[in-house]
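*Asks:* Line by line, the protein sequences give chains A and B. Under numbering that gives the first Met the number 0, think of the first position of the first sequence as 0, with each following residue one higher. Under numbering that gives the first Met the number 0, think of the first position of the second sequence as 0, with each following residue one higher.
Mixed in with the good hints, there may be bad ones.
Covered stretches of chain B (in silico footprint by chain A; criterion: 3 or more residues with CB under 8 Å from a CB of chain A, positions within the stretch not fixed) [stated by the list, open to error]:
#1 144-152
#2 343-352
Label-pair restraints from in silico Cβ distances [unchecked claim]:
#3 A/V328 <-> B/Q248: 49 to 57 Å
#4 B/K218 <-> A/I20: 36 to 44 Å
#5 B/I179 <-> A/L16: 30 to 38 Å
#6 A/S187 <-> B/G240: 37 to 45 Å
Hints in this document: simulated from the structure, not taken from any laboratory. Note that beta-carbon positions come from the ideal geometry of N, C-alpha and C, so glycine has one too.
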Amino acid sequence: MVQKIDIRSTLLSLTILLAGIFIWHAATHVPDTGPAGVELSQAEMDTLLGNNMLPEDIEYYSAQGVAFAQLEQIASLNLSRSMIEAAGGIRALGISVPDENSAPAPGSLFPSPTQIGSELWATIADPFYVAGTNDMGYGIQMGYSLLRVLIGYTLSAAVAIPLGFLIGMSPMFYKALDPFIQVLKPISPLAWMPIALFTIGDSELSSIFVIFICSLWPMLTNTAFGVANVRSDWVNVARTHELSTAKTALTVILPAAAPTIITGMRISIGIAWLVIVAAEMLVGGTGIGYVVWNEWNGLRLDRMIVAILLIGVVGMLLDAAFARLQRAVAYAE
Amino acid sequence: MTHFKDPFNPNIDVWNECGEASESPADPYAGLSKADADILKRRAKQSLNAEVGMARALESSVMQGLFKTDISRRAFLRSAGVTGALAAVSTVFPLTSLQAMAEEAMKNLEKTKLTLGFVPITCATPIIGGHALGFYQRYGLDVDIVKTAGWAVSRDKCLNGEYDGSHLLFPMPMAMSLGIGSTAQPWKVVSNVNTNGQAIVLANKHRDNQDPKNWKGFKFAVPFEYSMHNLLLRNYVAAAGLDPDRDIQIRVVPPPEMVANLRSENVDGYLAPDPFCQRAVYDQVGFIHKLTLDLWKQHPCCVFGLSEKFITENPNTTMALTTSILEATASAETSEGRVAFAESMAPANYLNQPVEILKQILTGVFPDGQGNIKNVPDRISFMPLPTQTMGTWVLSQLRRWNYIDTDTNYATLAEELVMTTTTRERMRAMMAADPNLTFADAEQDVYAPVDIQGHEFAPAAAQEFIDSQPFTRTIG
């Protein structure tokens, strides 16, 4: 039964994916219009020559399928061919010439699935190239982002879990610190960025700080919640065995609260991965968020979408890792 | 000038290899063509500068290595002509005097590994292309240029010391030095990286509404508050009778997002740097209403800025860095240079733009989005000399719109912040060392009045000028 549902759901997923790609393809498809061969009549030729167009220029352009009306337009510019070529050629200047390689027509700016596919393939095929400070493979950029997340997240865990324990075990601390947590928790991570840039004065450390501060709250509140809600029976048993507070925390409370703590960590890593992209878009330099910004800057939507897809995949992998960890610490009551 | 023995003068003996004192000819320029005589005269004058003098000594030894005797050298110069010989020797022998100067400059550099920031726009052409085409290396500098997401981040990274120097907007070093919009830290305008190079772009739906008088309620985007874009736009609409603070809305939008904002009709137009003006035409979402050079010919736009601290601590590096950027600027101004720079800047590492757009901007042959193809060779120019007039105008406009809230002596402050004298000296020395290098603006009067939208602005009368302008709001 379960197997049957699995197969069906997979089929349904695939159908949705294919339908999506088909609609996308249909919406972005531009029909090809091949270049038409152009023969000029003697009268047309004379008009162009009369407009001071050089015979070799006429030959050059009409060989590319440029029609008479356009040739007249080119002649009226009074620009030498070398000047036109230096400016990127007649197509780049917007003289309409039938050719599938002309400047993009409106409505077709959004990349087609095939474009994304080939970009994706090119990206995956060469993820670690370095072509200068501002152009590196997506693999390297992803590495920068992951490293920042890892550092910020580890620091955050080092603070949040012990502090969460303290808050969870002591109602007095809980009450004292709760107002601060409640005020600081809803602040958007990016609102911290300018403050960090100003006070820390280093963009690298600032983005790590932003990861730190945004990963902190889910871990802190979940740890506190998990610790506070450990069954009182179990704590009482520990007390009757005259265990020290530290020992109670480690041998009784930690295993009991572990699933809740891991849940907090899982939420945190998700948020950290969300935030790093925005932070890197802001400060730039390196990282996958910077890549998205850089491609947007060049209005290269295809490469931007590839980067976004990869961000999604890495986020999914991070989440899957924590899901596995969660299963490992779960226990049957 | 007989004490200067120019190895390129065919009339005199330079080395006196026979040991006998050669007679100084009555006229060392006799029998030469006017062009040749002019070059030699210019070189003689320039050689008074100690630095150039040193380069000339090197040149002399190169010539001696090539010709061994004065007789063969003079014969060669007579047959090739001075101009031809200068060109021939510099192509055959790699050690031109500019390179000699570069080698001299490479000594005693306090810091060789540098990080410069840039915002990816064509205004930064000398800084970006300078990297792509290897101008920094010539002066012994290992420069990393870092693309920056916007002007505020750029400013923060400058103030934090992450960048040694940066591509900045002309008003930024002033704002940074005065502590408006940031903590105060003295920064200076070292040179212009471009002049002109911006445009007012409007959404396609406004094609029949091109009179600024009818723009009440328009939403405009500019890249930064302390920018020439903001000041020029304010000046433009104010002259048409609109209050830039009340009748229109001016938003700060990072340049890359401008095209998207125009497409989604979030803004009606923008005064922005290229490539995003031409990009709007390329993507068929907007048209060029006016190039800013039509508002103020050769107006400043972006500059190369350094902190006072960096300049004091690294005088030799500052010199080498300035020289390399000036050389790149001069090269970007030449017509062959324009195509080369456009091609070198297109890759993802630099501007990340289609090469045609960059070529259209730099060559000045471009479609304007209204069905015309224009030919404006100075659509963007590279005139590196920052003038006191520019500095004074910017400061007085910042006061006009109340960004500076106290009265200051604009001219005195501009003298402090704009490095006109040093930069000009450098330009002169460079032209002296390399006859192929020219700066059209090297001898420009830095206090000369300029015409801005039909009004004459003279730095000495800056206060009177802004007082006479509409909507001026100098409070406090």
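*Asks:* Per the coverage rule (Cβ-Cβ under 8 Å, at least three residues), is the segment 343-352 of chain B covered by chain A?
*Replies:* holds (count 7)
*Asks:* Assuming the hint says 49 to 57 Å, is it satisfied by the Cβ distance from A/V328 to B/Q248 or not?
*Replies:* holds, 55 Å
*Asks:* Take a look at whether the Cβ-Cβ distance between B/I179 and A/L16 falls inside 30 to 38 Å.
*Replies:* Violated: the Cβ-Cβ distance is about 54 Å, outside 30 to 38 Å.
*Asks:* Are three or more residues of the segment 144-152 of chain B within 8 Å, CB to CB, of chain A?
*Replies:* holds (count 6)
*Asks:* In this structure, is the beta-carbon distance linking B/K218 and A/I20 contained in 36 to 44 Å?
*Replies:* Given range 36 to 44 Å: holds, Cβ gap about 37 Å.
*Asks:* Kindly confirm whether 37 to 45 Å is satisfied by the beta carbon distance between A/S187 and B/G240.
*Replies:* This hint holds: roughly 41 Å between Cβ atoms.
The earlier numbered hint that this structure contradicts is number 5, and it is the only one.
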